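Those letters in the sequence shown? Residues 307 to 489, per my numbering, in order.
Since the hints were made in silico from the structure, they are not lab data. Each hint can be trusted.
For each label pair, taking beta carbons as the anchor points, the in silico distance ranges come out as: (1) D464 x R415: 15 to 21 Å; (2) L422 x H477: 19 to 25 Å; (3) A444 x R415: 22 to 28 Å; (4) D464 x S358: 28 to 34 Å; (5) P372 x P445: 22 to 28 Å.
Given the structure is predicted, the values throughout are model-derived calculations rather than measurements. For each residue, glycine too, the CB sits at the ideal point set by N, CA and C.
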Amino acid sequence: LGLARGPRPWGDRPCPKPGKHAQQTGWEARKALGPSDALAREWQCQFLDLGSNSLSGPVPPQLFHPASRLISADLSRNQLSGPVPSPANTSAGATRASRISVLNLSGNRLTGMLPLELFRVYLAYFDASNNDLEGPVAPLLRTCWALNYLELSDNRLDGAIPGELAAQNMHVGGGGVWDGGRG
307 LGLARGPRPW
317 GDRPCPKPGK
327 HAQQTGWEAR
337 KALGPSDALA
347 REWQCQFLDL
357 GSNSLSGPVP
367 PQLFHPASRL
377 ISADLSRNQL
387 SGPVPSPANT
397 SAGATRASRI
407 SVLNLSGNRL
417 TGMLPLELFR
427 VYLAYFDASN
437 NDLEGPVAPL
447 LRTCWALNYL
457 ELSDNRLDGA
467 IPGELAAQNM
477 HVGGGGVWDG
487 GRG
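Turn these sequences into a full structure, and let the hints guide you.
As structure tokens, then:
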């Protein structure tokens, strides 16, 4: 996130109670993140809640790193900008996919197209509403075998849900049809 590394609230140890929830607010969240590679290298948390913390910069690609134990990441309602990173570009030579299955990036300033590889990981819940994302939706959805909640409203996406997915038990925000406008 482009923030200077500072001491974590819990010292030099990994996340307290590995496998548990780490939630930080305000200045402590910005200080705790440090360089984005710390998410993959040091943090042992499975659930990361950094929503509503005025964080800025790009989405850390290490969220998708195979060594990360993250299962759920909430980075919503911040000031993150730029494109959503592609999981394929985070770990050359990786032997397994990212574990992340819940990702909330809503209410940021993200731009560009969503990477196709994002939907090839184990995502079950994905919310990227209220950003400035663009591009076709259908190619993304053809690879999302685990997805059961999708919210992409208030972006500049276009297209509709492919027919084979329309019958699945999946929540789709925005009515499932995007016209390239802000809906």
